[in-house]
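Undergrad: So you can see what is in the structure, the chains are spelled out below.
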Amino acid sequence: MILETDDVQLVRAAQVGDLAAFEVLVRRYQGRVYRVAVRLLGDADEAEDAAQEAFVQAWQALPMFRGASSLPTWLYRIVTNRCLNHLQARRSEEPLSDRHEAQTPGPQRAAETEDALAALKVAILRLTPEQRAPLVLRELEGRAYGEIAEILEITVPAVKSRLHRARLELLVAMRQWA
Amino acid sequence: MTTGDDAGRLRCGTRVAALVDQVAEGVPPDDPTHQARCPHCRAALRELEQLWDRVREAAREDVQPPRRLIDDVVRRVRQELRALGQLVPLETVVPRLVRHALLGGPRGMTRIADSVVARIVANTVRATRGVHALSVEGPGTSGGEVPGRLPPRGVEIEVSGHSLTVQVRLVVAYGRSIPAVTAEVRRRVMLRIEALTGLEATKVDIAVDDVFGHPQAPAPRRLPL
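From first to last, the protein sequence lines stand for chains A and B.
Its first residue numbered 1, the first sequence is counted upward by one per residue in my numbering.
Its first residue numbered 1, the second sequence is counted upward by one per residue in my numbering.
Do not rely on the hints blindly, as some may be mistaken.
[What the hints assert, rightly or not] Some residues of chain A that are not near chain B, with every Cβ distance over 12 angstroms (derived):
no.: 1; residue: Ser69
no.: 2; residue: Gln88
no.: 3; residue: Arg90
no.: 4; residue: Arg91
no.: 5; residue: Glu93
no.: 6; residue: Thr128
no.: 7; residue: Gly146
no.: 8; residue: Ala149
no.: 9; residue: Glu150
no.: 10; residue: Val156
no.: 11; residue: Ala158
[As the list claims (entries may be wrong)] Residues from chain A shown here face chain B by an in silico Cβ test under 8 angstroms; the list is partial:
no.: 12; residue: Leu19
no.: 13; residue: Glu23
no.: 14; residue: Gln52
no.: 15; residue: Ala116
no.: 16; residue: Glu139
If you are wondering where the hints come from, they were derived from the structure by calculation, not from laboratory data.
For every residue, glycine included, the Cβ atom is placed at its ideal position computed from N, Cα and C.
Using the sequences plus the hints, can you model the full thing?
TA: What follows is the structure, given as structure tokens:
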């Protein structure tokens with residue numbers, strides 16, 4: 001049996017410039033980094049950019065990585081921050097018309113034309129970023145409260161209360177087109 | 001689901017919010033006896049479960065990153081390394097790095113020579129109660145950075161990235177508890193390195209080479225009169 005080299009060893013090698021070690025880490029975590037970006041941004045191209053930037057940023061910051069969080073948690077934090085910043089920029093670029101209001105069909109239309117899953121995604125994208133991030137990390141990524149708190153750099157009670165409101169919002173939206 | 005009032009309660013008084021969390025978390029109900037009998041609760045739970053199934057389905061969805069993602073990342077990092085003049089074969093990187101700690105970020109790299117760390121360790125060890133001296137035997141840290149200034153003896157540093165391991169050889173004052181002294185040395189060395197350099201000492205190995213000093217005369221035993 002071949003034992004996989006663990007994160008700690010790979011991180012140590014990457015920290016001193018071992019690109020091959022870093023590549024193994026990218027391969028290992030690209031799935032979740034990209035997935036969380038898609039789920040937060042709702043756009044494949046933007047998610048690809050965010051994931052790419054997140055990994056480049058991770059490489060740059062790697063010498064500072066102390067292992068206070070696990071590597072996947074740290075990567076989640078980097079990509080989530082990038083996505084949240086991106087959403088904020090998107091919002092301030094188009095202050096008058098909400099982009100998703102304008103470009104994506106409302107949940108009701110989506111429910112008529114596509115399946116329930118597509119409609120759910122639209123409903124998630126209509127949550128505020130503050131609610132969307134904990135919802136995606138908890139319900140879609142299955143992360144623990146403590147880890148989400150680390151990723152979003154907020155307290156566990158704050159995670160719980162945002163998540164709670166996000167769930168209610170989502171249910172209200174789903175009921176409208178149920 | 002039929003809500004009894006605007007405060008989000010069912011007609012039976014149960015908070016809808018509690019049911020939502022129950023369904024989303026998959027935890028047992030607060031009041032199982034009530035829920036098992038209450039038609040309002042059961043209807044609401046049925047509806048919530050049905051709605052929440054879509055969220056579960058979304059969580060199971062297989063989302064794959066585009067194949068080019070990894071190549072794009074590697075290409076970008078390689079460009080960065082080239083720009084920094086760092087992309088050299090690993091064999092030449094390693095010996096150079098052995099004697100330095102690297103702290104880096106997007107705005108530049110900091111190199112800390114291990115003789116710097118050795119000096120900090122030596123000063124810290126000497127200032128610790130119960131330590132008589134550092135051992136003069138044995139190799140000191142290789143390669144002092146300042147010509148004419150010898151690196152401290154009795155301390156060796158091994159650096160890897162931002163973390164390092166420390167080896168100390170010392171002489172303990174006679175009569176002191178060796179485990180207590182070495183524990184204190186270890187604690188202070190780790191704190192001091194972190195405080196002064198930002199590096200993390202992951203291991204401090206200590207060799208006690210000797211003890212020094214006169215055995216203190218035992219305190220006269222007081223008779224229990």
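Undergrad: Compare the structure with each hint and give your call.
TA: Hint check results:
The claim that Ser69 (chain A) lies off the interface holds: its Cβ sits roughly 15 angstroms from the closest Cβ of chain B, which is beyond the 12 angstroms cut-off. Against the 12 angstroms criterion, Gln88 (chain A) stays outside the reach of chain B, whose nearest CB is about 21 angstroms from its own CB. The Cβ of Arg90 (chain A) lies farther than 12 angstroms from every Cβ of chain B, with a closest approach of about 21 angstroms, so its non-interface assignment holds. Separation of Arg91 (chain A) from chain B is adequate, the least Cβ-Cβ distance of about 24 angstroms exceeding the 12 angstroms criterion.
No beta-carbon of chain B is positioned within 12 angstroms of the beta-carbon of Glu93 (chain A); the least distance is around 24 angstroms. Chain B leaves Thr128 (chain A) outside its interface by the beta-carbon criterion, the shortest separation being 18 angstroms against a cut-off of 12 angstroms. For Gly146 (chain A), the requirement that its beta carbon stay farther than 12 angstroms from each beta carbon of chain B is met, with the minimum near 15 angstroms. No beta-carbon of chain B comes within 12 angstroms of the beta-carbon of Ala149 (chain A); the shortest separation is about 16 angstroms.
For Glu150 (chain A), the shortest C-beta to C-beta distance to chain B comes to about 19 angstroms, beyond the 12 angstroms cut-off, and the non-interface label holds. Residue-level check passed: Val156 (chain A) sits 14 angstroms from the nearest beta carbon of chain B, beyond 12 angstroms. With a minimum CB-CB distance of about 16 angstroms to chain B, Ala158 (chain A) clears the 12 angstroms threshold, and the non-interface call stands. Evaluation of the Leu19 (chain A) hint against chain B yields a held restraint, the C-beta minimum of about 6 angstroms falling below 8 angstroms.
Because the smallest distance between the Cβ of Glu23 (chain A) and any Cβ of chain B comes to about 6 angstroms, under 8 angstroms, the interface hint for this residue holds. A cut of 8 angstroms between beta carbons decides the hint on Gln52 (chain A): the least distance to chain B is about 5 angstroms, and the hint holds. For the restraint placing Ala116 (chain A) at the interface with chain B, the shortest Cβ-Cβ distance is roughly 5 angstroms, inside the 8 angstroms limit, so the hint holds. For Glu139 (chain A), the interface hint holds, the least distance from its beta-carbon to any beta-carbon of chain B being 5 angstroms, beneath 8 angstroms.
This entry satisfies every hint, going by the numbered hints stated previously.
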